[in-house]
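**Q** Listed here are the chains, written in short residue letters.
Number of protein chains: 2
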Amino acid sequence: MDNLMHAIETQGKALDSDVLLVDSFLNHQVDVSIMEEAGETFAKAFAGVKIDRVATIESSGIAPAAFTARALGVPLVIMKKQTSRIMTGEAVHVPVRSFTKGTVYELMCKKAFLPEGDSVLFIDDFLASGEAAFGAMKIFEMCGCQLAGIGILIEKSFQAGREKLQEKGIRTVSLARVASMETGHVSFLPADA
Amino acid sequence: MDNLMHAIETQGKALDSDVLLVDSFLNHQVDVSIMEEAGETFAKAFAGVKIDRVATIESSGIAPAAFTARALGVPLVIMKKQTSRIMTGEAVHVPVRSFTKGTVYELMCKKAFLPEGDSVLFIDDFLASGEAAFGAMKIFEMCGCQLAGIGILIEKSFQAGREKLQEKGIRTVSLARVASMETGHVSFLPADA
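One line per chain: the protein sequences are A and B, in this order. 193 is the number that the numbering used here gives the last residue of the first sequence; the numbers go up by one with no jumps. 193 is the number that the numbering used here gives the last residue of the second sequence; the numbers go up by one with no jumps.
Calculated directly from the structure, the hints in this document are not laboratory data. Worth double-checking, as some hints may not be accurate.
Using 25 Å as the maximum straight-line C-alpha spacing, the simulated DSS-like pairs for lysine-lysine come out as follows [stated by the list, open to error]: (1) A:Lys-50 <-> A:Lys-164; (2) A:Lys-81 <-> B:Lys-110; (3) B:Lys-101 <-> A:Lys-110; (4) B:Lys-13 <-> A:Lys-111; (5) A:Lys-101 <-> B:Lys-110; (6) A:Lys-110 <-> A:Lys-50; (7) B:Lys-81 <-> A:Lys-81.
Heads up, incomplete: computed chain B residues facing chain A, CB under 7 Å, no partners named [said to hold, decoys possible]: (8) His-28; (9) Gln-29; (10) Val-32; (11) Glu-36; (12) Glu-58; (13) Ile-62; (14) Ala-63; (15) Ala-66; (16) Ala-69; (17) Pro-75; (18) Val-77; (19) Ile-78; (20) Phe-113.
Cβ atoms here follow ideal geometry from the backbone N, Cα and C, with glycine treated the same way.
Bound-form chain A, shown alone:
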């Protein structure tokens, strides 16, 4: 995923040592060719692993997760950050702290869309402290699903998320691994795929 790393280097804005702004190609304006390549790269990286569905969290994960689901030929499940007025059916809820926004949101999924025994590949745009990934994993567990693995576009390797997932033996494929950031500069670790 040289295209992703090139976009981070040329268009990403490290606002400080923690916050990386990627809204010109990832989560506000979207370079769809990078999302499609990400989806195909995740599908290749997890080839041979049983995957019944792809899951992500609204809304920045949807584009890369949709292309991953398409490449794998499985349904996509979008976990919601809030309940809708027209939501019906039994749902599971987990509180998740948002690193970026400094708030707590309720992550929600209908149980019917994560059938017991299914193997789920979780796709997200960022991995930082791992709060979202662990929230998603809790949802899968509550629904009786197995985690097939995790695919991440941009990992902030200087935060604890990756290590916490490794300690649990969870295979995480990050397409860009940011070693460190300072205002105006980003340096990388070797990517997973």
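Go by the hints and put chain B onto chain A.
**A** Same frame as chain A, now just chain B:
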């Protein structure tokens, strides 16, 4: 888009004469093959029209809009329903009433991602009263963009949105046109594409 209409008929749930629940294939669990077909159908329907970018509103519009942008080879712009803590740069805001949720949200887009003079194709999952479409059009106007047209997955033809757009001479392509709904039954008008 027989596949979309078939999904509405077999999986959609008309909760009453106004609310159509499509969360098993469109906005919670997503049938990605339908989204890809929708994207390709919009691209064909608007072939020959100048389109510089596709825009949608988070989060249910993202999957079909991403496949439309890919089919057209242009960037996708995701208009946000709230401002982010890390949003920087000049942005435009328009209040929009959500028909489904009965609330008002702030639709927001960075001006940099809707460059003046660009021609924008707006894609959304539903067209009902037209509030979201007119909010999006106001955003495009504030940024100096032209509207290339509107692509809708499911139009509630018994509501006023389509007629209001037609009165303004806006080309709207709806892949499924719901003539009426009652609990447990949906009937259609002929689709646009």
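**Q** Of all the hints given earlier, name the ones this structure violates by number, lowest first.
**A** As far as the earlier hints go, not one is violated by this structure.
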